[in-house]
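If you read the sequences in order, they're chains A and B. The numbers in the numbering used here rise by one with no breaks, and the one at position 259 of the first sequence is 269. The numbers in the numbering used here rise by one with no breaks, and the one at position 19 of the second sequence is 338.
Treat the hints as calculated values from the structure; they're not laboratory data. Keep in mind it's a predicted model, so treat the numbers as computed, not measured. Treat the hints with care, as some may be off.
[To be verified] Each pair of labels, with its calculated beta carbon distance range:
{"id": "1", "chain 1": "B", "residue 1": "Pro426", "chain 2": "A", "residue 2": "Gly68", "range": "48 to 54 Å"}
{"id": "2", "chain 1": "A", "residue 1": "Ile65", "chain 2": "B", "residue 2": "Asn695", "range": "43 to 49 Å"}
{"id": "3", "chain 1": "A", "residue 1": "Trp135", "chain 2": "B", "residue 2": "Asp591", "range": "32 to 38 Å"}
Note that beta-carbon positions come from the ideal geometry of N, C-alpha and C, so glycine has one too.
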Amino acid sequence: MLLFIEQLLNGLQLGVMLFLMSAGLTLVFGIMQVINLAHGSFYMIGAYVAATVAIRSGSFLLGMAVALPVAAAVGMLMELTILRRLYKRDHLDQVLATFGLIFFFNELTRIIWGRQPLFMDVPSWLGGAVELLPGVHYPVYRLAIILVGIFVALFLYLLFSRTRLGMQIRAGASNREMVAALGVNIRLLYTLVFGLGTMLAALAGIMAGPILAVEVGMGESILILTFVVIVIGGIGSVRGALVGALLVGMVDTLGRVYLPDILSLLVSSATADTLGASLASMSVYILMAIVLTCKPAGLFPAQS
Amino acid sequence: MQKIVFSLLILLFSLSSAQAADSIKIGMITTLSTKAGYLGEDIRDGFKLAIEQGKGTLGSFPVELLVEDDGRKPEKGRQIAERFMKRDKAQILTGIVFSNVAMAVVPKIVRSGAFYISPNAGPSKLAGKGCDKNYFNVAWQNDNLHEAVGKYVTEQGFKNVYLLAPNYPAGKDALAGFKRFYKGGIAGEVYTTLGQSDYAAELASLRAAKPDAVYFFLPGGMGINFIKQYAQAGLNKSTPLFGPAFSFDERILKAVGDAAVGVVNGSQWSADLDTPENKAFVAAFRTAYGRTPTLYASQGYDAALLIGSALKSVNGDVNKADEFRAALEKADFPTVRGNFSFGKNHHPVQDIYVREVVKDGQGNYTNHLLKKVFTNHSDAYGGECGM
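Start from the sequences, fold in the hints, and give me the full structure.
Set out below in structure tokens:
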């Protein structure tokens with residue numbers, strides 16, 4: 011039972027990570043109708059910049075403070091120079107261009123930082139584990155990730171429901187011609203939304219840095235799950251991204267842990283191990299297929 | 320002015336082609352891109368070091384090393400091999416890092432009569448049923464390093480070990496290799512998704528299973544993630560971690576930091592292995608490239624020396640295939656491993672050690688030789704080889 015609670019927390023933590031990634035991606039798609047495959051590159055840029063600054067200065071927070079604006083600036087620059095030319099093109103052109111950008115950013119990272127993965131440690135004030143319940147020890151750093159995720163979800167909620175900018179973004183998602191006709195500077199709005207999206211991806215990368223290897227191509231491994239999340243949640247919907255991310259996080263984590271055990275009741279344990287592992291890696295895609303069968307537009311389709 | 324430049328260019332080209340005609344071509348198909356690119360980089364740099372030390376020669380015959388990146392893709396490896404053999408007429412090939420690439424490329428090379436010297440991948444099939452007279456492995460058979468740790472863990476009295484590897488053929492082979500020499504009980508055997516980056520769920524189950532030790536095989540970035548998270552979960556204080564050298568080379572250690580200190584891992588080589596050849600190699604590699612060589616670099620270097628020794632005995636004429644092969648079989652080269660010969664399936668018979676990860680005086684992480692586990696160890700598949 012205690013183990014189950016710990017696994018639920020692990021699922022929650024993975025879900026939060028995916029939420030940070032998918033919120034930005036779904037925003038960009040919902041509002042700008044652009045499929046940005048290079049979203050994972052900002053996750054990588056965030057991690058690399060934060061790790062570099064953290065190594066030099068010894069301060070994780072300083073790393074974060076530098077990496078977030080840098081990633082947002084790179085994102086906005088990319089929007090201004092490249093994506094802006096692609097809005098009118100069809101999705102295939104956008105996919106091709108942003109896919110090319112993945113290679114560009116990976117190679118650029120390799121040129122700047124080399125092949126050697128960077129080292130980034132958990133800041134000492136977030137090290138160690140706390141006893142949440144008697145017998146449930148959980149690393150403080152992973153709790154911090156969950157807290158950051160909750161904080162970002164709250165921030166986005168307030169941004170969209172309480173501010174003028176949020177209102178314009180929502181309006182832009184529903185009907186961009188009308189919003190432009192009403193005198194909103196839609197170009198500036200797009201650039202800002204893109205910057206926000208890349209900053210969220212960078213935040214996910216920074217939080218992942220101390221846990222994972224900071225290496226070239228790290229963004230692609232999380233990108234696929236991110237796409238699953240936004241398809242499940244409903245493309246363009248931040249609320250859908252939140253629910254989808256938590257669902258995917260839970261299903262992936264619990265599937266990895268419990269599927270081999272459940273299967274071992276049915277078949278021999280060696281087969282169950284292998285079969286369970288294979289099934290577990292498919293579980294999120296099975297979830298996606300089920301959701302798409304029942305609700306083809308995702309759980310919370312954006313109104314458009 | 321134009322004329323001078325032109326004639327200089329012609330001179331340059333004729334010189335280089337003249338040199339190319341005389342030198343023996345060696346084709347290196349290796350992985351230089353992708354996350355695993357540093358493996359190929361080290362194999363190449365080790366190999367090149369041997370050529371540079373011979374002032375452009377191996378076994379005092381001028382050689383030309385052609386290097387191409389396979390991007391870890393079997394089909395690309397096949398294309399490169401074809402190009403090397405047909406266009407460049409290379410008769411000696413080497414360099415492949417990954418077993419899946421080797422399985423796709425090596426049979427093609429040896430079927431066409433060229434020689435292949437493997438500086439890394441050693442899939443079981445090429446050591447057993449698929450062995451070939453023109454295929455030599457100068458590194459290890461894939462299971463070897465896992466076998467050494469299995470034996471060491473048994474000797475140290477661990478009775479309940481938890482096993483973890485990715486869900487793909489090399490992962491299963493790794494754990495099978497470990498279990499071949501490990502005699503205790505198994506607390507759990509978990510196969511994770513290939514390329515997985517977060518191991519929180521597996522670590523929670525692992526802790527609940529209460530093993531007395533953990534053995535894992537997670538090559539590349541997966542290993543970095545796992546070792547860091549293992550230490551962050553506080554498990555390194557209660558449950559010792561064991562692995563093969565692949566997760567503890569000097570470049571991975573730099574990305575893992577303190578989390579790996581104290582971990583015991585199996586390897587056929589270590590930078591502090593006390594032989595005169597090895598000391599000279601490590602010093603020369605550090606001077607040439609400014610970093611400590613990894614085991615991959617030592618394998619690339621040994622591959623080059625082996626080829627050099629065979630070239631010398633056939634007077635640089637690789638067309639004398641039978642004599643060249645016989646010379647390779649003798650393995651008469653100054654290996655950095657101290658002790659090396661070939662079994663009848665052309666796979667190494669060598670000593671295998673366990674090493675411990677330490678932080679040295681300058682704050683660098685490296686491996687310290689702990690104990691010799693096997694003396695003259697070969698592999699489990701030689702019996703299936705029909706040679």
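Quick rundown of the hints versus the structure:
Judged by the Cβ atoms, the range 48 to 54 Å given for proline 426(B) and glycine 68(A) holds: they are separated by roughly 53 Å. Evaluation of the 43 to 49 Å hint for isoleucine 65(A) and asparagine 695(B) yields a pass: the beta carbon distance comes to about 44 Å. Separation of tryptophan 135(A) from aspartate 591(B) is about 36 Å and conforms to the stated range, judged on CB atoms against 32 to 38 Å.
Consistency note: the structure conflicts with none of the earlier hints.
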